[in-house]
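Number of protein chains: 2
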Amino acid sequence: MSLNENAPAVILVEPQMGENIGAAARAMLNFGLTDMRIVNPRDGWPNERAVALASRADLVLEKARIFNSVAEATEDLQHVYATTARPRDMIKHVATPSAAAKAMHELEAGGGRAGILFGKESYGLSSDDVTYADTIITVPLNPDFSSINLGQAVLLVAYEYFQFADDTPDEIIRNEERPATKKEVIALFDRIESALDEKNYFDPIMARRPVILRNMRNMFQRLRLMESDIRAFHGIIKGLTADKKEK
Amino acid sequence: MSLNENAPAVILVEPQMGENIGAAARAMLNFGLTDMRIVNPRDGWPNERAVALASRADLVLEKARIFNSVAEATEDLQHVYATTARPRDMIKHVATPSAAAKAMHELEAGGGRAGILFGKESYGLSSDDVTYADTIITVPLNPDFSSINLGQAVLLVAYEYFQFADDTPDEIIRNEERPATKKEVIALFDRIESALDEKNYFDPIMARRPVILRNMRNMFQRLRLMESDIRAFHGIIKGLTADKKEK
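Chains A and B, in that order, are what the protein sequence lines are.
First residue of the first sequence: 0, per numbering that gives the first Met the number 0; consecutive thereafter.
First residue of the second sequence: 0, per numbering that gives the first Met the number 0; consecutive thereafter.
Excised from the complex, chain A in its bound form (with noise of 0.2 Å):
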């Protein structure tokens, strides 16, 4: 099997131990991926526990890019997951990492790429963190005993990518376009987050300003928005704050 340069990166948010990040590398290189990225590493970089553990795997650490925020870390992707164990109060797509394998399978067929985030060890992702993402991965566990670390994570989420990855894909978007990036959905959504603060909206209601913004953000992660349609929000946003257009 050749690596596959389309494959979904592994993001670790704020990971604490670099025996973990080694581990992290092995479950991924066992499962063809190779581009991992490092959203603040508590303990910088690089990390000579981490490459002590990952072996044979250290070529992922050695090709790892360090980001100072999950926005920076997934702005090149299409399509975020985020894997979280506890239920969120979001508004969000949730799938198993079977599903969600064969979605990135889809994404990547239709020249797409896609992020997985994982978050720290002794918290899990942060809710901002998570607004980050378009989709949930909650891997199913006994509900009595539902604790599994940071490298066993990725192990799964992993293996389960690898299993779809010589099927023929079931439905690929068809059409010309590209889905969005990252990038351009965080600029769509800074822009329209300007424009309201341009207007002073949220000045009677300030305190609900960042779960305001929170659940804008979740929303347009969620939108599965293409290319062009950000264009189309770009040109609504720009017609509807434009000054009235003499006749």
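Don't take every hint at face value.
Pairs count within a copy or across copies, as identical chains cannot be separated in the list.
[As the list claims (entries may be wrong)] Listed below are the simulated BS3-like cross-link pairs for lysine-lysine, each with C-alpha atoms no more than 27 Å apart in a straight line:
| no. | residue 1 | residue 2 |
| --- | --- | --- |
| 1 | Lys91 | Lys62 |
| 2 | Lys182 | Lys237 |
| 3 | Lys198 | Lys237 |
| 4 | Lys101 | Lys243 |
| 5 | Lys198 | Lys182 |
| 6 | Lys91 | Lys182 |
| 7 | Lys237 | Lys62 |
| 8 | Lys243 | Lys62 |
Because the hints were derived from the structure by calculation, they are not lab data.
Knowing the structure of chain A, use the given hints to seat chain B on it.
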């Protein structure tokens, strides 16, 4: 989920490290398996390192039974699987973890019971051990990096077993929300259209107005908006079109 008494037994053959026995116990309990059997553990039994690693899965270790041979450890079972990465010069059925999981549930439904053999860390199962199995389970792995440890092997096989036990749908939207009605979608779109007309947005491009509106309408129909999304969009439009609020 209640734990099933006829769920498969996990049989560790000559395991070497207590840590791996503990990790196997955790992986089992994560996916509802509790019948651990150990054939000739290298460091005797009980094993303190196993207990330390098992954490709350120590109940699996407390129930674990020790045997002197694979034959004895499997004699009450109807079907035995051997997990092995290396090809064997034997005539055996070979199954993926997924196919084996399906067959185990079928066996269970018919009143039977399966067991799964896992070999020692250094070498896996001996060819003699494998002769006691009906079927080989091989985890599909990247051929260039195919080493997984004992705990991971148990995790993947137990995970697949649990997938067939769990009737969670593959993908859901987790909330109490309802999808928007088409009436709501159309009303939203009509409001945007009116707001753009109000600003004379289309005046310089009047010939393209029908195409632009059709594309926008297509987009809003495709986005699978929820009822709360409709409200969010109305809020955005209100904010963007309002006169600037006074400080």
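Hints, one by one, checked against the model:
Within a single copy, lysine 91 and lysine 62 get their C-alpha atoms no closer than 31 Å, and across copies no closer than 40 Å, so neither meets the 27 Å cut-off. In this assembly of identical chains, the alpha carbons of lysine 182 and lysine 237 lie at most 27 Å apart whether taken from the same copy (19 Å) or from different copies (26 Å). Taking identical chains as interchangeable, the C-alpha atoms of lysine 198 and lysine 237 lie at most 27 Å apart whether they share a chain (14 Å) or sit on different chains (10 Å). Proximity of lysine 101 to lysine 243 under the C-alpha cut-off of 27 Å is found in neither arrangement, the shortest distances being 48 Å within a copy and 47 Å between copies.
Taking the shortest Cα distances, lysine 198 and lysine 182 sit within 27 Å of each other inside one copy (24 Å), while across copies they are farther apart (29 Å). Taking the shortest Cα distances, lysine 91 and lysine 182 sit within 27 Å of each other both inside one copy (20 Å) and across copies (23 Å). In this assembly of identical chains, lysine 237 and lysine 62 lie within 27 Å of each other by CA distance neither inside one copy nor across copies; the values are 41 Å within and 47 Å between. Taking the shortest Cα distances, lysine 243 and lysine 62 never come within 27 Å of each other, neither inside one copy (52 Å) nor across copies (49 Å).
When each numbered hint is compared with the structure, violations occur for hints 1, 4, 7 and 8.
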